[in-house]
Amino acid sequence: MLAAEVLLPLPLPPFSFLVPHGTEPGPVGGRVAVPWQGSVRIGLCTGISPARLDDGLKLRELICWLDPEQPFFAAEAVPLLLELATAGKIPAGTVLAGLAAGALQRELDHELSLHEPSALLPGVDAGVWLDAAGLETEQLEQLRSDGLISERASVRPRLVRRLAATVSDTAGVGDGARTANQVTALAHLLAGPADSAAALARASGVPVSAVRALIKKGFAEYRDLEAPPAVPELPAAAEPLPAPVLDVPAGPFQLTGGRRRIRLAELLPLLRAETGAGLNPLVLVPEQVVLTETAALLAGAVPLLTFSGDLSDDERDWVRDSAAETPGTVLLGTYPALLLRQPAPGSVIVLEAESDSWKQLSGARLFIPRAAERLAELAERRFVAADVFETAELAASGRPGLQLPLPEQRLHVTDLNGASSWPLDADLIRVLRQVRERDRQAVILASRRGFSGALACLDCGETVGCPNCDLPLRYHQTENRLRCHQCHHSEAVPGACPGCGEHALEPRRTAGTEWLQERIIKLLPDFPVHRFDADSREQPAELLRGEPGVLVATVAATRLPPLPAVSLIAVTMFDGHVSMGDFRAGENMLRLLLALPELTEQERPLVIVQTFRPDDPVLEVLRSSDRQGALERFTARTLERREAFGYPPAGRLARVELSARDRLAARRAAERLRGTLLTAGAAPEEVLGPVPGGVARVRGRYVWQLLLRAAGADRLEVLLDSVPSGSSGVRVTVDVDPRGAGLLPD
DNA sequence: GGGGGTAAGTTG
DNA sequence: AACTTACCCCCT
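In the numbering used here, each number is its position in the first sequence, counted from 1, plus 3.
Keep in mind that the hints were calculated from the coordinates and are not lab data.
It should be emphasised that the depicted structure is a prediction, and the values quoted were computed from it without experimental measurement.
Not one of these hints is a red herring.
Below are the SDA-like pairs computed for lysine to any residue, each with C-alpha atoms no more than 25 Å apart in a straight line:
(1) Lys92 / Gly50
(2) Lys219 / Val186
(3) Lys220 / Gly175
(4) Lys92 / Glu689
(5) Lys362 / Pro564
Ranges between beta-carbon positions, derived for each pair:
(6) Gly281 / Ile51: 28 to 38 Å
(7) Ser731 / Glu509: 36 to 46 Å
(8) Gly743 / Gly25: 44 to 54 Å
(9) Thr679 / Glu72: 41 to 51 Å
(10) Pro652 / Pro501: 42 to 52 Å
(11) Pro53 / Ala239: 48 to 58 Å
(12) Pro652 / Arg702: 25 to 35 Å
(13) Ala239 / Thr329: 19 to 29 Å
(14) Val434 / Asp529: 13 to 23 Å
(15) Tyr225 / Ser171: 15 to 25 Å
Here a beta-carbon is modelled for each residue, glycine too, at the ideal position from N, C-alpha and C.
Put together the whole structure using the sequences plus the hints.
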């Protein structure tokens with residue numbers, strides 16, 4: 004008797020099922036259909052082993068393999084999933100759900116047949132397959148436990164309603180002039196079904212009424228037919244990339260400097276060589292915009308398939324199949340492309356490798372470049388990372404580095420201490436006026452959306468806080484409401500200060516996109532001022548066409564295609580982007596500032612940075628006459644400090660978050676956990692905190708957190724073994740390799 | 001006793 | 001994640 008381990012895309016470890024007696028097991032990594040909570044679901048087989056004797060009694064039988072020939076994902080997908088689960092202290096099913104992107108969530112056709120006639124299914128002959136969906140769960144269970152049935156399942160083809168012919172030729176339609184159009188349309192339809200009556204009319208060049216007549220007379224009807232293959236469109240090829248200037252080594256390496264398209268140009272020879280030799284490189288990008296842009300640049304240069312969450316289910320099926328069958332093709336995608344099977348695996352290339360948008364914010368909380376690197380190691384594929392500058396983590400990777408010159412920009416730093424006007428200083432106002440006079444474009448970046456960071460009373464300083472979270476409510480002027488950016492609570496603006504009841508509340512703290520937009524409209528009447536942020540997502544078509552105007556935006560602007568005529572980019576509040584408590588904040592800000600030229604097709608836009616801290620090391624790097632040298636010193640200093648504090652890449656971190664509705668319960672649980680860890684042998688310097696969460700109360704739950712700091716991955720695993728799952732009102736979540744807000748400032 | 005809510009336990 | 005059971009509060 005054999006037992007199969009089956010991993011479902013649910014937050015659970017693999018579960019064992021018996022391989023039905025007398026059936027051949029399919030491959031590890033193949034999809035299997037298993038009974039689950041009265042129904043049937045698709046899981047991934049992660050292992051096959053002899054079943055223990057007593058298992059035969061308590062385990063249930065799986066139904067069948069859906070992939071009898073070969074694994075559904077890449078050959079290394081199963082070991083990778085299991086390894087990531089262990090390292091991240093999360094169920095393997097969570098990792099699967101996070102990476103499979105719905106590939107296992109297909110409807111199944113589930114059928115059964117009786118071994119011999121049974122009173123449980125009167126009137127059903129033995130050996131006849133019938134749909135299991137019509138049976139009650141208890142009935143099915145009874146038949147199974149009595150050993151009376153065989154079962155089978157198959158992925159239900161996706162069906163679409165299409166217009167099909169009901170006859171095999173045009174005979175009977177009539178041959179007069181009055182029916183000529185109908186004959187033409189039917190002849191067309193006989194070649195294959197049409198999407199609709201209108202589509203058929205268009206394709207065969209007849210009026211829709213002729214098609215309607217065919218349907219009315221019964222020669223054609225709408226039927227649920229298998230969906231035709233959905234082939235996603237590639238973007239039109241952009242202008243060719245410039246010639247490469249560097250020699251790429253044979254093994255793993257990393258590429259820094261330049262602009263995105265320049266880095267891609269350096270990687271192109273590698274892609275050409277591999278596809279020319281029949282290999283399949285995998286290129287991963289963090290965001291859809293980068294995917295679109297990269298696809299356009301590669302489309303004319305190499306055979307290309309793209310895969311992302313933006314595709315329809317049908318299109319994803321098509322790309323998954325094509326990627327598995329087509330050697331000599333580049334697979335370019337966002338993170339769901341990581342697991343896809345390729346026939347002749349080539350290099351694994353991660354673009355924008357240090358971007359925080361790689362970090363999954365829920366579920367498995369994976370940092371995808373790390374997972375991609377592990378996949379490359381397991382599959383013995385070359386790993387390549389590219390980014391705008393060498394962060395401490397890239398510097399410590401040990402891979403040979405190739406460096407391109409840094410992107411050009413002119414930088415002007417405005418010291419806001421003692422500035423005369425707010426939120427736009429005189430320097431910025433002057434340049435904005437020039438932008439209007441010269442009919443150019445400007446991008447003005449705010450560190451938050453909405454009108455202002457808070458509404459406050461001028462008299463007593465009182466602000467209005469969220470009832471669910473420990474945050475001030477943000478003021479949104481366009482809807483004249485206060486909104487919590489954490490839990491989406493929203494309320495009307497109070498008429499008077501809730502504290503003193505005297506004065507009306509006024510906008511205070513950091514200016515948001517709405518405030519800046521209002522200010523610039525006043526400043527530049529008759530000049531178009533657009534806004535782009537989470538509240539206003541519409542792409543500014545006029546600006547993308549190159550028409551003059553101002554774009555006020557959050558950093559979401561980096562998710563727009565480059566604007567053609569930008570001569571000014573302003574960061575209105577540098578300090579607002581550098582959150583304390585995140586030891587990577589400096590590096591992240593540097594990444595952002597170095598990437599600002601990507602907002603435009605112009606070569607050297609003027610960048611104005613307004614700040615209360617003009618001496619910040621990040622700004623000093625950019626102002627230096629030897630930027631490359633300053634950047635290298637910055638990275639070296641960062642590495643030294645990380646080593647001194649045991650932060651990545653010198654050490655490994657995990658954030659343990661404890662939350663409870665009761666304020667004391669969360670805090671006590673966190674303190675107790677610290678005690679537990681120390682008793683279990685953790686050194687005091689390995690357990691930081693507990694401290695209240697970055698937002699001390701979220702959606703009505705108080706949050707406390709501990710930061711575990713270990714010398715290496717193995718030690719971190721040992722520490723995490725002492726972390727219990729939640730109990731009695733306390734929820735515990737673990738985030739290994741946290742990104743974003745850490746615990747301590749650097 | 002039961003509706004409405006939340007929390008905890010289970011799934012093979 | 002989806003589903004079931006347990007429990008509490010409040011109400012009639």
